[in-house]
Amino acid sequence: MSGISDARPLAIPRAVEKIEPPRPSSPRGMWWRHGLAMLALVWSLFPIVFIISAAINPSGTLNTAELLPKNMSMINFDVLFSDTSRPYLTWYKNSMIIAGFGSLASVFIGACAAYAFSRMRFAGRRPGLLALLMLQMFPALLAFVALYITFAGVGDVFPAFGLSTSPGLILAYLGGAMGANVWLLKGYFDTVPRELDEAAKVDGASHARIFFTMTLRLVMPILVTVFMLAFVGLFSEFMLASIFLRDVDSQTLGVGLWSMTKGNERNRLFGQFCAGAVLASLPVVLLYLGFQKQLVGGLTQGSVK
Amino acid sequence: MSPQDTQDTRGPEGPTGVSDGAKTKSLGYGRPSGTSPVWLTVTKWVLIALTVGVLAIVAQKTIEQGAWIGVVIAAFVAMCVVVVYGTRRAVPLKYLLPGLILLVTLQIWPIAYTVATSFTNYGDGHLFSKQVSIEQVIANSVREVPNAPRYKLSVAVKEKSDPATAEIFYLLTDPAGKTYLGDKVGLSDLPAADVEKAPNGRITKAAGFQILTAIQVNARKDLSTFAVPTKGGGGIKSVGLSEAFEGKAIVSYDKATDTLTDSTTGKKYVAVNARWEPADGQGGAFPQGWKENVGFKNFQNVLTNETLRAGFLKIFAWNFVFAVVSVGSTFVLGMLLALLLNNARLRGKGLYRSLLILPYALPGFVTALVWSSMFNQDYGLINKMLHLNVDWLGDPWAAKAAILITNLWLGFPYMFIVCTGALQSIPGDVLEAAKIDGASALRTVRSIIMPLLLVAVGPLLIASFAYNFNNFGLIFLLTGGGPFEAADTSIGSSDLLITYAYRLAFSGVSPNYGLAATVSIFIFAFVALMSYQGFRRTKALEDVN
Chain A
1 MSGISDARPL AIPRAVEKIE PPRPSSPRGM WWRHGLAMLA LVWSLFPIVF IISAAINPSG
61 TLNTAELLPK NMSMINFDVL FSDTSRPYLT WYKNSMIIAG FGSLASVFIG ACAAYAFSRM
121 RFAGRRPGLL ALLMLQMFPA LLAFVALYIT FAGVGDVFPA FGLSTSPGLI LAYLGGAMGA
181 NVWLLKGYFD TVPRELDEAA KVDGASHARI FFTMTLRLVM PILVTVFMLA FVGLFSEFML
241 ASIFLRDVDS QTLGVGLWSM TKGNERNRLF GQFCAGAVLA SLPVVLLYLG FQKQLVGGLT
301 QGSVK
Chain B
306 MSPQDTQDTR GPEGPTGVSD GAKTKSLGYG RPSGTSPVWL TVTKWVLIAL TVGVLAIVAQ
366 KTIEQGAWIG VVIAAFVAMC VVVVYGTRRA VPLKYLLPGL ILLVTLQIWP IAYTVATSFT
426 NYGDGHLFSK QVSIEQVIAN SVREVPNAPR YKLSVAVKEK SDPATAEIFY LLTDPAGKTY
486 LGDKVGLSDL PAADVEKAPN GRITKAAGFQ ILTAIQVNAR KDLSTFAVPT KGGGGIKSVG
546 LSEAFEGKAI VSYDKATDTL TDSTTGKKYV AVNARWEPAD GQGGAFPQGW KENVGFKNFQ
606 NVLTNETLRA GFLKIFAWNF VFAVVSVGST FVLGMLLALL LNNARLRGKG LYRSLLILPY
666 ALPGFVTALV WSSMFNQDYG LINKMLHLNV DWLGDPWAAK AAILITNLWL GFPYMFIVCT
726 GALQSIPGDV LEAAKIDGAS ALRTVRSIIM PLLLVAVGPL LIASFAYNFN NFGLIFLLTG
786 GGPFEAADTS IGSSDLLITY AYRLAFSGVS PNYGLAATVS IFIFAFVALM SYQGFRRTKA
846 LEDVN
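Chains as they are written, first to last, in this note's numbering: chain A, 1 to 305; chain B, 306 to 850.
Derived by calculation from the structure, the hints in this document are not laboratory data.
You may find that some hints are simply not true.
What the hints assert, rightly or not - Computed footprint of chain A on chain B, listed as stretches where at least three residues anywhere in the stretch have a Cβ under 8 Å from a Cβ of chain A: (1) 508-517; (2) 771-782.
As the list claims (entries may be wrong) - Simulated pairs of lysine-lysine, BS3-like, Cα-Cα distance not exceeding 27 Å: (3) B:LYS526 / A:LYS262; (4) A:LYS262 / B:LYS465; (5) A:LYS293 / B:LYS654; (6) B:LYS705 / A:LYS93; (7) B:LYS572 / B:LYS560; (8) A:LYS262 / B:LYS705; (9) B:LYS465 / B:LYS526; (10) B:LYS465 / B:LYS366.
Virtual Cβ for every residue (Gly too), placed ideally from N, Cα, C.
Bound conformation, chain B alone (with noise of 0.2 Å):
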């Protein structure tokens, strides 16, 4: 960085007198080159002084965590702040370390984490460590003592949080009547006055807590696997609803041999898979499992499993029709439109322009939802307005066909005002040559005005085929990728990748984690090498031009 490169290292001339007074009035004349005003460098100071606190505590917190990397981070960035604002060096870095930080932070370090993620099993039933599924499985093992003690239970979530999917917490109370809180971690004291109980003892209401119903405790799939382990090697288990019991664990772990043995029947478990199968192949292996590198075996999945491969295909070439016919349709009634318009007789052009923007001022999920209404097939507006009977959302093509509907609505008013203003600046001499040679309105829009137009808004059809190959929100909240067939429910027919990418994390019973990182991976790599080609031939098109 050479000395005239930054901005701080000025000379010592100070005040010249000659410089355009009226435009640097309020510039803070007449002071010595170097030096602030106090209260700025005091202020300075304070901030910095406070962010490297702020990162102090954050370094505390993640250290009583365990989480070592946080604090590695919180001592960079500390750093960082520190070098860059306390000295007078690196000034173009005193502008972009806030959005470099962030952007390194949360925008590559997820990339990089999807990629390391679809290398990985991680998933429903590989969300630990080994160490950790070795504890569920011998704390999911326990039998009940004869004899031995019962609490009273209630299942509860975190107070606000989904009942069907959230961390469960048991709610206990011993035969004395002391109140216990389990998870997944251990058991803990809950103290008597943040608990309202029943007469038999069973909590009914905790601070923090939501109380699961009946109704909600049977939907949970997941509480059969579910136990508190206990000091000892025991856990505790629910039975029924309403109790729980504490008993001995009948796995064992032998570290020696890395197995695990059922001392009632004495059969053996090894580590194949990333799960505990057992020794003799007889039977099945237990639920939990652990997250572990697999290597390319997601990507080699997707590329040869048959019905993987077929799905992935299918989704993969609507995907590709979706975003060029979205991008095709919106773009000629846009352009059409903008046509129509652009007349310097026609009256009331700003009016029509106002209403016809408002599709796009709408915020995209209300049109996405609306829509999805109005293609109900019993209710719905368009089959009632039309007297048709067509089941929009059920049928495979005709959620096609709803989907490209919906969006040319949302997405021509864009491409209006993008080919209004491409319109404008074309400039009127060359439309009056073509006029005076001769050439026909048609002849005009063909020769002139689209090759103009299409050098103006090129870039912006790229642009928009990137946004609309990822148009996450339109398909969800319209068709939620439906409609699914019998045979395979994973595999909607109007999904997108990325749909379908969404619906494997999180929408299943049993998320996978590596595998929707995968597809996200294929998603980046199309979408870079169409942008690629795309930026690339647009480059040529100016060239030409």
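Chain A on its own, in the form it takes in the complex (with noise of 0.2 Å):
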């Protein structure tokens, strides 16, 4: 394919350009694009709209939410920050801490990882980095009753990790950290030259200076994609989390919001659950938006959410 099109004369495409000259400016044979877009803009923001105009609707129950609501207050996110029985602060902190830390140390792992697998040569490296691709078919999600008996006993000999404490569930995170990010981290590495390696080490670095010093900084951009399609992972699990967070002061964000909606509580809370989820929703719509190339590069890449 690529021997024939390199083949072709580029008269043609130029040709063809001249003949339909962008015009920006003329809106004819676009409007029905414009229509169907402005549709899809309906279907995929309604919700989103729902959720804000819940949380500045005073009535706060959900059978007087409304799409647009009548009026507007702050009372929710008030009546949010007051409620000890739900220390949504306290939510949040954990939620920062343990979705920051988590891909921080996630990153570095699959760095150093990504770093042995793209520069050095050794006796099972090839075999390694099948292993860790078959291994991510594994998510540690599926060992979760292994998972949640081990880290009882955990605690029981290490009550600052065991459940219902945020460094124990950033371990128990931290199990395919090297696993899920390398393959990535390792195609961009591959594209660093050698030859940059090879000078330094004539020049008597070692390889942790080279590593530490040279390599890092000309995969920053990977690293910092992997770090946010890592945070918002860890941000948004909910699973590990609301079985290993019992204790109300140690859950994450999800986990509260969900006991925010269980039973009779739904109807009653709303407007407080609604300006909670907007709050908790801003982390990661912000990283979505201000870094929409990066996350984009890396979705395309092979990550999913």
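If you follow the hints, you should be able to join the two separate chains into one complex; please do so.
Dropping the structure here:
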């Protein structure tokens, strides 16, 4: 395919372009695209509008919530912050700590492994890489019973790393740290010319020096991407968090918000819940909008939320 | 490992001055190879010493708890750290070790442990060893000795834990006013400074504990079988809500014949199916059983037990349909939108794209919880806006529809993103060639764009399938697996295998870890099979291209 397209004379596409010059101001032939796109926007945005309007609707229950509120107030937010039996700010802090430290550690472990796999040749390199790919089919999630029992046991000996603790949950997440992103990272590491390493080596730099002072800087874009993917993933993780975090004060936003929708609370606390949901969405939405390019690049290369 | 394999076995040449100086300016010219600055060496050894020190503390603590496996692991890890980082050998391992240790202990070990658990009866009534079950039965069989003193009792759990499920503690005050703490292992002193007592001596507050209200105590069904073992074979049991007595056990254990004997009735109990069953077959077994290996019984149960098999197959079928329809619907919508917006003359594409990504940017739990409220029959937005009265979460088919609609909303932006990326990477001249050859727009999409698109996103579709197959959060937060049929409350009509396994293990009144692990194994097997087939197919697709 590439051979044929390379051989094509360049004149034809140029000519076609001239026949149809870009006419940015002309809406002709575009109106139906705009129409359908608007329809798609309505579909994708109405739940979001609903959450926001329920959050600022002072009546604060599900049966009075509407798509567009008649009144506006911040009372739901006040209630949210002052509810002592549902420590929202503590949940927020826990979520940020778990997702932040978890993804930092995960990026570092992944980068170390990618460096070894990309730059060094050793026995078991290829099988190791393939084994990591295979292991991704068996998410630690599926071993949740074993993880629960193990960490219950760990907690008996080291209360700081047991169930209902942030360090314990971070540790549980880190099991897959090396495998999760090593392929994505290794692909990027491979694009950094080996000649740079060779030159540094000739100049007497050790492998650690090359890694920490040179390679890590050169691959910074992919590190940022992987960090954000990991952050978004951990911030939104619910299953292990709900199994591990039994105590109210140790819970994350996901588990905490879920507890606000159980049974009869769902109707009564709806405004408060929506206020919490809006604030909980902010970090991830901001990350997405701010780093759209990097995240989209990461997503298309094979990472699924 | 040959010498050139590793980066630290450098030649003796040092700086040569012919290397590309511009690129390596900051890389430490002029130091002979193989030596590092002193502070780095010192830091390295301090870190190694610290790690070994921490592991020594870990070992110390695990020894105190008698957990020998922890000691072995700690010693092994410490040895690895010293060998890998203390010497100049094994350079790749220096980078792989942290990830490797975490991988082995937190991903491979749990999988192995899951497999092991699936061959046991681990679960409610089978939580402890046989020895503990004997102690529990004996402690629980205590009868009050007439005129024995009674304790004032407060039932408590650890502070900030769940009153409905957390481990129970008895806070006791004897007639002399001395306070004790009792748990399933035994009795210990509770310093008077840590507690507040009511005038009658009953503890009303204790540091680190949360005292249950009468309603909470009544809700704890496990209290009836709870007793604090005391020295001499007796135990402390509760009488009502606020008093407890210490009594003598009427059941005794005979090691030689491995039987329990009830001294009041003379009845003997023998070990059958990990429980103490009456030897004469009359009456029920003691509720306290023990954990033991049951071989393939769990697997056999799933495959042959009528109700279990029917439910399992039903869940499996829906699980499969759910994953396929989710991937299919999100892909079609995402692709159509990508095609729609992939036009050079369309204005405002950037804005459209940013807004269309928003559903994907919301955390998954927010989406599921909000949609679950919107699907509420009486107050929900969907019924209100469309003037319907569908019981979305209470009707089996409507619940499935609700899940698929929500997942379409949640997942189409991802497909939109990847399709847009793939469309933009299709070379323009291919499309122009089609145009010149007179292909219609539809024909171009079908014969040129679709094949190229599918090759690009094929692996992502498989990954998406594997992800959705275990999409726990969505189902659990949206429908909770329900609605449930009255006849069989363990199997919900929108359950996935993973939510089913979760409920088996954590949500029910009687957790069955063994069966939950077995269901996990089935998921493992199925996902592995699908992924293997899928990846083989994409390889074929790539080769064709």
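Which numbered conditions among the earlier hints are violated in the structure presented, ordered from lowest to highest?
Hints 1, 6 not satisfied by this model.
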